[in-house]
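A.B. asks: First to last, the sequence lines map onto chains A and B.
Per our numbering, the very first residue in the first sequence carries number 7; after that it's consecutive.
Per our numbering, the very first residue in the second sequence carries number 2; after that it's consecutive.
By construction, these hints were calculated from the structure, which means they are not laboratory data.
Watch out, some of these pointers could steer you wrong.
[Said to hold, decoys possible] When the alpha-carbon atoms are kept at most 25 Å apart in a straight line, the in silico DMTMM-like pairs for lysine to aspartate or glutamate are as follows:
| # | chain 1 | residue 1 | chain 2 | residue 2 |
| --- | --- | --- | --- | --- |
| 1 | B | Lys70 | B | Asp53 |
| 2 | A | Lys57 | B | Asp65 |
| 3 | B | Lys37 | A | Glu55 |
[Stated by the list, open to error] Far from chain B by the CB rule (all over 12 Å, computed), these chain A residues:
| # | residue |
| --- | --- |
| 4 | Tyr32 |
| 5 | Ala72 |
| 6 | Ala138 |
| 7 | Gly139 |
The C-beta atom is built at its ideal place from N, Cα and C for all residues, glycine as well.
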Amino acid sequence: MSAFKRTITLLTLLTLGGCGDIMSSYYKSVSTTAIAAVTCRDVLSVAHEQKTAAVVEKAKTDKAGAQVDLDKWLPTYEKIKTTCTGLKVGSKLALEAAPVVEAAISKKKDAMGWIVRLGKLVFDAYATLAEAGIKIPGVN
Amino acid sequence: METIVSLVATGVGKLIELIPVWVAASAEKKAEIEAKTRSLVAGLDALFSAADAKDDAATQAARDAIAGK
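Assemble the whole structure, with the sequences as input and the hints as a guide.
C.D. replies: Encoded structure:
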């Protein structure tokens with residue numbers, strides 16, 4: 007099963023699991039996004055450790071080649087880091103918006119809108135990681 | 002007919018009795034989920050800062066190796 011399908015399944019289960027209370031579903035989707043942010047940052051850190059260790063090793067015999075490798079990796083690293091930060095900020099903003107969502111007359115619609123937005127953030131993050139060839143443990 | 006009405010009335014009565022229990026369980030569960038979510042999100046900044054520091058050190062080590070330090 008692809009990461010996309012797994013994530014869809016996970017979010018669907020999380021969302022439907024709390025149909026009786028839309029705010030519980032809302033908080034579950036915020037938690038899912040926060041966990042995705044943690045996973046994203048952890049996976050990036052591990053990848054960065056491996057890439058920089060390889061650069062250090064290469065620099066022993068080929069400094070120019072090591073520089074090229076580092077210059078090639080760092081923009082990818084920054085791109086993924088931005089994505090992970092986006093997940094973190096998204097989950098924080100969603101949590102801050104919770105009282106407003108709960109108080110709103112059309113809270114169900116507002117909460118579902120947030121759940122969809124958070125879901126999209128997670129999909130985008132997984133896509134960015136996959137694009138960079140970084141595997142997420144347990145997902146792909 | 003009288004029996005059916007009685008059964009339905011009893012059933013409705015039982016359901017009405019259950020509503021406060023459902024509401025209480027739901028509110029309790031929601032509070033628990035909310036607390037866990039808040040705790041999780043609150044820890045994100047520290048986790049990201051620690052990861053940034055670790056990654057910056059690794060980048061610097063790579064740069065130092067290239068510079069021959």
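A.B. asks: Regarding the assertion that Tyr32 (chain A) does not contact chain B, is the least Cβ-Cβ distance greater than 12 Å?
C.D. replies: 9 Å, violated
A.B. asks: Minimum Cβ separation between Ala138 (chain A) and chain B greater than 12 Å?
C.D. replies: 15 Å, holds
A.B. asks: Between Lys37 (chain B) and Glu55 (chain A), does the CA-CA distance stay at or below 25 Å?
C.D. replies: Violated, at about 30 Å.
A.B. asks: So if I understand the rule, the pair passes when the alpha-carbon distance is 25 Å or less; does Lys57 (chain A) with Asp65 (chain B) pass?
C.D. replies: Roughly 15 Å between the alpha carbons, so the hint for Lys57 (chain A) and Asp65 (chain B) holds.
A.B. asks: At 12 Å, judged by beta carbons, does Gly139 (chain A) keep clear of chain B as stated?
C.D. replies: Gly139 (chain A) is indeed farther than 12 Å from all Cβ atoms of chain B, at 18 Å.
A.B. asks: Given the hinted pair Lys70 (chain B) and Asp53 (chain B), is their Cα-Cα distance within 25 Å?
C.D. replies: 22 Å, holds
A.B. asks: Please check whether the beta-carbon of Ala72 (chain A) is more than 12 Å away from every beta-carbon in chain B.
C.D. replies: Violated, since 5 Å does not exceed 12 Å.
Going down the numbered hints, you'll see the structure goes against 3, 4, 5, while the others check out.
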